[in-house]
Structures are given as C-alpha cells and as structure tokens.
Amino acid sequence: MNILVDHLVKHYRVHSRSPGAMAALRSLFVRRYDTVRAVDDIAFSIAGGERVGFLGPNGAGKTTTLKVLAGLLKPTSGVVRVGDFIPNERRRAFLRSVMLVTGQKHQLLWDLPPADTFELNRAIYDVPRIDFVPRMKELVELLEIGDVIKKPTRQLSLGERMKCELAAALVHQPTLLFLDEPTIGLDVTMQALVRKFIRTYSQRHGATVLLTSHDMDDVSAICDRVIIINHGKLSYDGSITELVTRTRPEKRVTFTLSESVSAEAVQRLGRVISASDRVLTLQVDQARLKATIENALQTLPVSDLTVENAPLEEVLADVFAQARAKRGAA
Amino acid sequence: MRYARLIATQARVSFLLLLQYRADFVISLFLAAFWTLSAIVPLLVLYSDRDSVGGWSWGEALVVVGWFNVLKGVQSIVIQPSMNQAVEQIHKGTLDFVLLKPADAQILVSAQRFDFRQLSDVVIGCVILGYALATLGVVPSLGAVAQTVVAFASAVALLYSIWVMVMSLAFVFVKVDNLTFLFQSLFDAARWPGSIYRGAFAFVFTFVLPLTLMTTTPALALLGRLAARELLLAVAGAALFILVSRWVWTRSVARYTSAGG
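Residue numbers (numbering that gives the first Met the number 0), protein chains in the order written: chain A, 0 to 329; chain B, 0 to 260.
Since the hints were made in silico from the structure, they are not lab data. Among the clues, some could well be false.
[What the hints assert, rightly or not] Below, simulated DMTMM-like cross-link-like pairs (lysine to aspartate or glutamate); rule was C-alpha separation at most 20 Å, straight line:
hint, chain 1, residue 1, chain 2, residue 2
1, B, Lys100, A, Glu49
2, A, Lys195, A, Asp130
3, A, Lys232, A, Asp40
4, B, Lys100, A, Glu140
5, B, Lys91, A, Glu180
6, A, Lys195, A, Asp83
7, B, Lys100, A, Asp40
8, A, Lys73, B, Asp103
9, A, Lys195, A, Asp216
10, A, Lys104, B, Asp23
11, B, Lys91, A, Asp110
12, B, Lys100, A, Asp130
13, B, Lys100, A, Asp83
14, A, Lys289, A, Asp276
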C-alpha cells in the first residue's frame with residue numbers, strides 16, 4: 000500500500016504542573032495546559048513493499064507519526080492517505096490489512112498459551128481455517144516458536160513472547176506492518192532472528208514495513224530507507240548509505256600492525272580515533288583515503304587493514320547535534 | 000452471526016482461563032454461596048416482626064431478592080469482567096490493539112472476558128425464586144413468564160449501559176477503580192423492592208440510576224402484577240440507556256484517538 004503524508008501536524012494538549020504537593024493540590028482546581036507539537040508539519044511518501052525506519056531521539060514524534068498512520072490518532076491537520084484509506088476513519092478493509100506490534104505493550108492473553116490468542120485473532124479477522132493452518136505453520140517455523148506456543152504466555156521469556164506477539168499480529172496476513180521498537184530488551188540472537196524474520200516476511204508478502212527504533216542495527220538490518228524525525232520535524236529522508244556519506248564523509252581505516260610503533264609515526268598519518276598496542280584506527284577524508292593508505296603501508300608494519308563507514312550510531316548523534324546547534328542559533 | 004461466533008470464541012477463551020486456575024474456581028464457588036446466603040439475613044431480620052414492608056410480603060420480597068441474585072450473577076459473569084479489563088486497557092494503552100481490530104470495538108471490549116465462576120449467584124437466585132413462588136403458592140402464567148423474560152432482558156440492558164458509561168469515564172479520568180466500587184455498592188440498593196424507597200432515593204433509584212426498577216420490574220412481572228404500560232416503559236428506558244451509552248462510548252473513543260499518547 001502506498002502511503003502519502005503531507006503537512007502532517009499533531010498537537011497534544013497536556014496538563015502541566017510544577018512538582019510538589021501544593022502544586023498538585025492547586026492543579027485540582029486550576030489546570031494549566033501546554034501544547035506539545037509532537038509532529039510539526041512533516042511530509043513524505045512511501046511506496047508499497049518499502050521498509051522504512053523512523054529514527055529520532057525520545058519524544059521526537061516517531062511513535063506519534065506511526066500511530067497517526069495506523070489510524071489510532073487523529074491528525075490535528077494535514078493529509079494522511081494509506082492506499083485508498085484515511086487511516087483515522089478505521090474502515091474494516093483498512094484494519095484488515097494492517098498490524099501493530101510494540102515492544103512495550105502486548106496483546107497476547109497473559110494467562111493462556113499464545114496458541115489461544117492466535118485462535119481468538121482468527122475469529123476476529125474471520126480467517127478461514129484452510130488458510131489459517133498453513134499460515135501459522137509457516138510463522139511458527141520462521142520464528143522458531145514450535146515448542147513455545149502451548150505454554151502460558153506469562154511463563155515465556157521476553158524474546159519468546161515477542162516472537163509470539165509477531166505471530167499473533169500476522170494471523171490475518173497484513174500487508175502493512177507498524178513496528179514500534181520491536182526488539183527492545185531482546186538479546187543479540189533474538190534481535191537477529193526477529194530482524195531476519197521481519198525482512199523475510201516483507202519480501203515474501205510484499206508487505207510495507209514502518210519501524211521505529213532507537214537501535215541503529217535494527218534499522219540497518221531491516222530497512223533500506225530511513226526517515227529521521229527530530230522535535231516533530233523531518234530532518235532526513237533517504238537511504239542509509241547516503242545518510243552516512245553525507246553526514247560523515249570520512250572513512251574509518253583500521254590497521255593491524257605486526258609490531259608496535261611510536262606515537263609520532265602514527266600521528267603523522269591523520270586523525271587517530273583509537274590506538275591500542277597493535278590496532279590503530281584512523282579517520283580519513285574520502286579524498287585523502289588512497290594517499291593515507293599508501294603512506295601507512297610504506298611507513299608502518301601493516302599486516303592487515305579494513306576500510307569502513309562511521310558507525311550509524313555516531314552518524315545519528317551527529318545529525319541530532321547539528322539539529323540542536325541549528326535550533327540554538329535560530 | 001459473525002459476532003455470535005466471535006463472542007463464543009471469547010467465551011471459550013475465558014473458560015480456558017478458568018480451568019488454568021482450578022483451585023481458584025472451587026474456592027470462588029464456596030464464596031459465592033456464602034455471600035448470597037448472608038445477603039438474605041437483613042431480610043430475615045426485617046420480616047421477623049412484621050408481615051409487610053412497603054406493601055411487599057415476605058414471599059414477594061424474596062422474589063425481588065431472587066432477581067437481584069440472578070442479575071448480580073449476570074453482572075459478574077458477563078458485564079463486570081470485561082469492563083474491568085477495558086478500564087485496564089485504557090489505563091495501559093493496550094486498547095490500541097482492540098481499536099485496530101476490524102470489528103466493532105464496543106462489542107470486542109464488552110465481550111472480552113466472562114467469569115463463569117459467578118454462575119453460582121444465578122443458580123442460588125433461581126433457587127430463591129422457586130422457594131418464594133412456592134411460599135406464595137403462585138404458579139406464573141405463560142404470559143407472566145414472557146413478560147418476565149422481557150423485563151429481565153431490559154434490566155440486563157440497563158445495567159450494561161450504566162457499566163459502559165462508568166467504564167467510559169476511564170477515558171477521562173484514567174483511574175476509575177473507586178467509581179466501579181461505588182457503583183457496586185450502590186447496586187446493592189436493587190436488593191429491595193422499589194416502593195420501600197422514599198423521596199430523593201426513590202427518584203434517584205428510579206430515574207437516574209434505575210437500580211430498583213431492574214429487580215422490581217421482573218419481580219412484578221413474575222407475580223403477574225406488572226401493567227403492560229410499565230413493561231413498555233422498562234423496554235423504552237432500556238433502549239434509551241443503550242443509545243445513550245453507545246453515544247458516550249463513541250465520543251470517548253474519538254477523544255482517546257484524538258488525544259492519545
């Protein structure tokens with residue numbers, strides 16, 4: 000499904016008060032309201048089958064944008080279209096093609112095995128059993144939850160539960176997936192499995208994926224495109240590679256040395272990011288990359304070398320710092 | 000039809016839930032019996048030195064108590080568990096999942112949980128009704144039974160609507176535990192025939208929170224003393240409450256989705 004967002008604005012009115020008992024007492028009678036501009040005039044469009052990551056610091060407006068697209072929040076103003084639908088109208092046909100999984104809230108029935116939630120969702124979405132059985136078999140295999148779905152949910156580990164949440168949300172085979180920090184709190188192997196699953200599902204069913212996350216690895220493993228939202232404004236929309244090369248045009252060159260060398264010999268080469276006994280990492284401008292490497296190969300006892308982009312975490316930190324500086328200057 | 004199947008599935012889930020905790024089930028059966036019988040004690044005290052209270056004899060008052068028990072049972076099996084669950088969902092924000100389902104959210108929310116342990120209230124209520132009719136020597140006519148069914152259905156509809164409205168307040172106040180507790184305490188007023196209340200109480204319990212009507216109307220119907228006009232009023236009142244509660248719910252959801260967080 001194509002997604003079109005134009006001039007989207009979402010404001011909240013929140014009740015604010017100073018800390019302390021007196022202030023709390025006063026607020027019972029006189030309430031002060033502040034308007035929070037959670038999303039402040041953003042625009043983008045997403046083609047069917049795309050996987051897009053929403054990045055931004057806490058409170059940037061990522062989740063709000065996701066909820067508006069899912070039809071859970073009504074925009075203050077602006078245009079939001081998902082396929083032929085206006086999400087907030089919550090038409091049956093629209094709801095049948097979307098799903099939402101969040102890392103923080105669960106829909107699984109707490110005291111019953113996940114299989115019972117699957118069955119309940121089958122009834123709610125009216126999925127014929129002839130489709131349901133093979134579909135669940137596929138999900139169970141991909142997510143490796145065969146021996147988990149018969150145990151009560153409350154006895155499952157966080158990772159097992161998350162995988163079952165995904166399965167429960169895919170009973171009706173949606174084509175638009177809203178994932179709000181789906182890997183939060185999971186260990187590394189679980190994260191990897193969940194990421195791979197989401198990618199596979201999306202490719203197999205042509206499903207559009209919209210993901211919010213703090214975890215850069217999530218985004219780079221699942222998505223081809225990122226949208227960065229900061230203080231309700233859109234500050235970047237494009238491919239991950241372009242984001243990296245634009246924000247951090249420098250490369251990281253790591254040399255493994257066969258013997259330790261003097262500090263001066265190292266510093267002549269360029270900016271040193273880290274230097275331990277035999278491993279040396281430099282930050283080098285794209286233009287000077289070739290010269291620097293040649294220089295190093297001649298002057299240092301290099302046994303191995305790798306060239307990488309700056310880590311996504313740092314790129315993002317830079318993007319946010321730049322945005323902060325811009326706001327400070329304005 | 001689809002909703003009937005949906006509700007049946009949800010009821011099945013609740014039944015499975017019940018079986019997960021078998022000991023709890025047995026204990027709750029004993030508790031329900033104890034509370035029901037203890038609820039008759041005030042009535043015994045009241046009627047120990049008089050034959051009639053507010054125009055209701057001992058046997059007739061027992062009919063009201065019987066209906067009160069049945070209604071209370073229905074409330075705690077069908078209505079209250081779902082409503083409590085809904086309040087929690089609003090509080091925790093998991094109502095999002097319900098609102099994203101392609102089915103009527105009010106039906107999904109209202110039929111999400113059943114507590115079959117409370118069936119004992121209904122059974123004991125029916126026993127009291129049988130005993131009361133035997134004491135009075137009344138055999139209800141077919142017409143009276145039909146009237147009773149309609150009157151009782153209206154009572155359930157009224158009670159459900161009030162619960163929906165109380166639950167909807169959670170959208171505004173988030174925590175409504177005290178409110179549901181207050182309502183449950185007030186609900187006890189339905190134990191007594193409507194005509195024993197005077198003045199302001201009579202007005203409130205008839206028109207504002209029609210608690211006494213809920214039990215008195217089916218009781219009168221069963222005794223064959225309900226005028227057709229009164230039955231029509233009960234049905235109309237129930238329909239009105241259903242409509243109003245539907246409106247309150249719809250408004251509350253709209254408010255939730257335009258505020259949210």
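The hints, checked one at a time:
no., hint, result
1, Lys100/B <-> Glu49/A, "violated (24 Å)"
2, Lys195/A <-> Asp130/A, "violated (24 Å)"
3, Lys232/A <-> Asp40/A, "holds (7 Å)"
4, Lys100/B <-> Glu140/A, "violated (25 Å)"
5, Lys91/B <-> Glu180/A, "holds (17 Å)"
6, Lys195/A <-> Asp83/A, "violated (30 Å)"
7, Lys100/B <-> Asp40/A, "violated (29 Å)"
8, Lys73/A <-> Asp103/B, "holds (18 Å)"
9, Lys195/A <-> Asp216/A, "holds (12 Å)"
10, Lys104/A <-> Asp23/B, "violated (27 Å)"
11, Lys91/B <-> Asp110/A, "holds (17 Å)"
12, Lys100/B <-> Asp130/A, "holds (19 Å)"
13, Lys100/B <-> Asp83/A, "holds (18 Å)"
14, Lys289/A <-> Asp276/A, "violated (24 Å)"
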